Every structure is written in C-alpha cells, then in structure tokens.
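Engineer: Letter by letter, the chains look like this.
Protein chains: 2
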Amino acid sequence: MKLATYKDGSRDGQLVVVARDLGTAHYATGIADHLQQVLDDWSFLSPQLQDVYDSLNSGKARHAFPFDPQRCMAPLPRAYQWADGSAYINHVELVRLARNAEVPANYYTEPLMYQGGSDDFLGPCDDVVCVSEAHGIDFEAEVAVVTGDVAMGSSPEQALDGIRLVMLANDVSLRHLIPDELAKNFGFLQSKPATAFSPVAVTLDEFGDSWRQGRLGLTLQSTWNGRTVGLCDAGEEMTFHFGQLIAHLCKTRNVRAGSIIGSGTVSNRATEVDGKKEWARGYSCIAEKRAIETIQDGKPATDYMKFGDIIRIEMKGRSGQSIFGAIDQKITPLIK
Amino acid sequence: MKLATYKDGSRDGQLVVVARDLGTAHYATGIADHLQQVLDDWSFLSPQLQDVYDSLNSGKARHAFPFDPQRCMAPLPRAYQWADGSAYINHVELVRLARNAEVPANYYTEPLMYQGGSDDFLGPCDDVVCVSEAHGIDFEAEVAVVTGDVAMGSSPEQALDGIRLVMLANDVSLRHLIPDELAKNFGFLQSKPATAFSPVAVTLDEFGDSWRQGRLGLTLQSTWNGRTVGLCDAGEEMTFHFGQLIAHLCKTRNVRAGSIIGSGTVSNRATEVDGKKEWARGYSCIAEKRAIETIQDGKPATDYMKFGDIIRIEMKGRSGQSIFGAIDQKITPLIK
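So the protein sequences, as listed, match chains A and B. At position 74 of the first sequence the residue is numbered 74 (our numbering), and the sequence of numbers has no breaks. At position 235 of the second sequence the residue is numbered 235 (our numbering), and the sequence of numbers has no breaks.
Misleading hints may appear alongside valid ones.
The list makes no distinction among identical chains, and a pair is therefore deemed to hold if it is satisfied within one copy or across any two copies.
Claimed, not checked - Distance condition first, Cα-Cα at most 16 Å in a straight line; then the derived EDC-like pairs of lysine to aspartate or glutamate:
hint: 1; residue 1: K316; residue 2: D21
hint: 2; residue 1: K184; residue 2: E102
hint: 3; residue 1: K60; residue 2: D21
hint: 4; residue 1: K184; residue 2: E110
hint: 5; residue 1: K251; residue 2: E181
hint: 6; residue 1: K251; residue 2: D180
hint: 7; residue 1: K184; residue 2: E93
By construction, these hints were calculated from the structure, which means they are not laboratory data. These figures come from a predicted structure and were not determined experimentally.
Pulled out of the complex, with its shape left as it was, chain A reads as follows (with noise of 0.2 Å):
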C-alpha cells in the first residue's frame, strides 16, 4: 500500500491513497483525513485503505485522479518524533578518516542517532529555504522509516514488528554550523533544517524479498543539478538495521505511533581496481565525497550547493519503476 498526504492548506493535509504505479490516487476521506490517525489505530484503519488501493490498481476506484507529486506535503507533515541514525558505518569511517580521527571502537556495537526537528517537515517537492550558502548546505539522501508503538525495552527483533511505513528522506545539512554544534555536546540544532520525505510512503508487504531483516535492499538514487552522483545500495552495507535502531531508540522510553526513523546517508565501500580504491557507486551526501577527496588528494574539491541548485532522490524497484516517487528540492534563499 502507499500513501500520501496531499495539501489543503491546512497543517496536516489531506490522506490520499496511491496506487502501485503512482499512476492514480484516491482521497482517504470517510477512512482517515490525516496520515496520523491511521498511524494511532493502524490494525482497524490500515486495511480499509488496503481496500482502497486495491480497486486503484485494479482500475476499479470510482473518483481515482491523476496522482501529482508536487501536490504532496510530506506523508507526516509533521511528527511526534524523527529520530535519525547513522546506520552506514562505512560514511562514518570516511568521513573520520578525512579528518584523520579514529572511529571509536563502540560505533561498530551500538548505533549513532540524534534526535532532530520534527515540527515542520517539508514536502518532497517543497524548496528548501536557507539561510546562507555560507552554512554549507548538503543534502542526505535516506531511508526512513514510521513506526506504531514499540514499547520500552523492545528487542531489535520485536522492533522490527513495529515498522509500519517506510520512507525515503532528504536530511538537510548545514555543514559548516555542524563541528561547533557537536562540540557543544549538545546534538544538532541549527545545523539540522526542515527535512523533506519521498511523496509516497509504502508498506513493507510492497518491497517483496528487498525488504530483508531491517534493511531495504534496493538502489537509492541521488542526482544533483541533473548529474547523477550517487547508485548505492540501501541494502547489505546498512551496519545496524531498522530494527536495532528502533531498539536502540527504545532502551530507556516508549516509542509511539508515527515516530520516524532515518538510516542516516546511505554509503557503500570501495572496491580496490588495479590497487587502487574506486567509489563506483558515488555518494548520498557531498561531506561524504569530499571526505573521499581529502583521503585522495588531501582537500576537498567539490563545493556545498548554492541558491538554485536542484537535488533529486529517488529509488527504483527492480522493474525500474519508481517506488516512492521523487523528492525534488530546490535550494532557494530566506527572503525576510
């Protein structure tokens, strides 16, 4: 099943369910208004819009529309909790590597995660409105996911029951407002802006055998300004998976209906060609590649985004065919 929030001009928008091909979709209205609802009572909810979507992708939806992405809010417009971890050890690696600082010996046993804003998500089309070039402005192609309640003390299996949705996110970074932050202890605040999510969001009975044990093992595509820069793989190279980190986020409190959970960016290693080391598959964030930079040719030679640049993320089944739709952000000025 996939859904969609589409927008009304209220806060939370209005449910839509979309069809398999993201052809068609169909309001929610009589069902649920707002994607939180069926979050909260997803065993009642949840297969009454099944239906619906199965007469979408039959053909069959009496007052089905033209599903458009650049209607859509984010599915969660806003959340009770967007809790984002660094999943992919291998970004973590390259990124202290650059700086030549050790990867402590816990980050390969209990994953990173920050709790971030989740007030006011953006859309997946939705510009992203900065203050500054100056702030090093970077994109974070993700994957996310939403959760129902997971009680206190959860098991990363038992977690894994928990996941009802699952999401692609674009976390925008301001990387130059990031080294004072952390060093504050504090987490990220100023550094971290409004996220944007995919337009849809899926359940996992859609992803077939790509969904194994936590982790999605499918293609996450980032094309910046039209360049495609980055091919890898969610899958097999996600350290911790969805269920550890839910757990992880679990240990000490309860985690409640629509929680989001990230991956952090996606990152794959290098292969060795003729001894020496390729990033053939690209990057799912510019720190990260100009981490590779540094460890290559001892500085960063790509540039943060500027006003007006474009940044596309998307992943395709293995049909080729788009599964979530594409987040496609412009980088725009706060005009005050």
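Starting from the known structure of chain A, arrange chain B on it as the hints suggest.
Structural biologist: Relative to the frame of chain A, chain B by itself:
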C-alpha cells in the same frame, strides 16, 4: 487562562479549562477537543476558551466539576517539538567546576539547547518508569513555554511574541548514561526518558509583573520524598530568556505551533556567608547538589533516586497559591 488535558483513554485526551484557583474545571467541548488544535488556531479559539475561563472564575459555569490533577495528562500529551535549553549558566558552571572543566566562552553568549523526544510525555502524577536504578535517575525542575508559529530568523523580541503558554517540567535524566552518550557528540537520547509536565498550562497574562521579558520571576519548589530540597528563583538568574532560546532554535528553521521550549534546570548562585559559599536556595536537580558536594568535599554524598522515591515540583504565586498545580511522581521499575 489555565488549560489542562484530561485522560479519556485516547492518545490526546480531552481539553479542559481550569479555574484560576485550580478548584474547578470545565470541558472545552464545542470549542476544541485537544490543546494542539487551539495552538494551531490560537487567535480564533483562545478567546472562546477565555469566555469559559471567565465564567469558571466567577462561579457561573454551568457544567463545572472539581479539578483533579490525578486525572491529567501532560497539557500536550505529545508534541511536535520539545527543545530544552540549559539557560541558567550557574548550573553549567557548577557541574563543570566539579569536574575541573572550564566553561567555554561561547556558553555565555549562545544558549545550550538539545532536541528531546516528544512522542510520549508523562502526566503530572504519572509514574516515572525506569529500566534500572543503576542508570542514575534524576529529576530536573524546569519552566517551559509552548509557542505558536515563529518564523525562521526571528529575533528574540519577535520570538517572545510567539509564546502562548507556560508550564512546569520534570525533565527526567539518567545521569550515568549521559557521559557515554555525550561523548558520541550526537546529543541526548537514551539518557533522557519521557518528560513530565504540570497539570495546567497558563497564559502570560496570569503572571502580572512576575513575567518580565521572557523570564518568570517566581520560586520553583522541588520536594524529594517529602523534604523541600529546592526553592529556586526562576527569574533573574536565567542567563538566556525564553525569547533568546526560541530565537536560537529558529535561526535556520521555522518553529511551528505547539513547540515546547524548556529552560533547563533552574539554578541560583551561591551567596557568601562569613567567607563561605552557601547555596541556601537548594537545588532543582540532584546532579547540581552532587556538584556542590564535590566542590566542597571532593566527592558527592547524595545518591540519585531509587524506586519508590517521590518527586514533587510546584510554583506558587505571591499570594501563596499554586499556579500550575504540582508535578508529583513516583519512580517505578519497568515491568516487562
């Protein structure tokens, strides 16, 4: 105006208007079911609630009933944002002095603030359920504000206009999990379990001149197992006022209606008595008491909280009447 949320078995409870003296209450039915709705549409809905409030205070409300804080959820049982400052620099100074660490110069010019979890708040009389006493269970008595929409880049003065309500908070902390977590630089996560809030949330007009430019000049009382351990002045020594805290948060992003911003542990400077430092006002968290003991005697003498302990946090007006009702919680073990 004073607003509370009554438990009704649902996730968001039922909004009630509470009389100034906390004696009676009235359902807000017909105006709004939930506090978030009011915050989403404040200028339209709050005058209607004010009418109910006025009739309650004059004893003319037709369906008033006795107000019972035991039946309260947090005023916002879940929120789209909880960002907690550390606005009393005295607290930071004491904790750092106890471990022979300097206070970085920018701590005096820029607030410390972390992003907290907001999906599962506790009501004022709900048990604090903890996994283990060995985690070092501490209370933190704080003042918190709830905002309307505050645009990206707002000044501290503009941000002050965005404040809608004031509450008290118990920002429960697991002290022994903090060092490892902060060493990872990504901020608090497991070390900050669910936060509790006072029975009622209060509009600024209730405070008269006790509310001065973003600071609440009243005494915050913390009582641990029946013994008053803190009578701290929340006003003058707040290094960064709430407008500054919100402006810090919205520097690179919008802050949306229903965001909760906390002051951090309320803390007062020592006074010199016969050449000796005395902290006559006590403390608003155990970690601060332990820091003072370490400074004075080389090691802490006060242990953290045990299962069965009771923490009560309250603030009284100049007339001696409780303003927010009391946070009154028992520490209990997680039963799986």
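Engineer: Is it within a copy, between copies, both, or neither that the alpha carbon of K184 lies no farther than 16 Å from that of E102?
Structural biologist: between (20 Å within a copy, 12 Å between copies)
Engineer: Please work out whether the CA atoms of K251 and E181 approach to 16 Å or closer within one copy, between two copies, in both situations, or in neither?
Structural biologist: So K251 and E181 pass the 16 Å test across copies only (13 Å; inside, 26 Å).
Engineer: Measure nothing new, just compare the shortest in-copy and cross-copy C-alpha distances for K251 and D180 to 16 Å and report within, between, both or neither.
Structural biologist: Answer is between; shortest inter-copy Cα gap is 15 Å, intra-copy 29 Å.
Engineer: If the cutoff is 16 Å on CA atoms, where do K184 and E93 land: within, between, both or neither? Let me know, please.
Structural biologist: This pair counts as between: shortest inter-copy Cα distance 14 Å, intra-copy 22 Å.
Engineer: At most 16 Å between alpha carbons: which applies to K316 and D21, within, between, both or neither?
Structural biologist: Within. Shortest intra-copy distance 11 Å satisfies the 16 Å Cα cut-off; inter-copy 60 Å does not.
Engineer: I want to check one pair: K60 and D21. Are their C-alpha atoms no more than 16 Å apart within a copy, between two copies, both, or neither?
Structural biologist: Close inside one copy (15 Å), not across copies (60 Å); limit 16 Å.
Engineer: Should K184 paired with E110 be assigned to within, between, both, or neither, using CA atoms and 16 Å as the limit?
Structural biologist: Only across copies: K184 and E110 sit 11 Å apart there, 22 Å inside one copy, limit 16 Å.
Taken one by one, the earlier hints all hold for this structure without exception.
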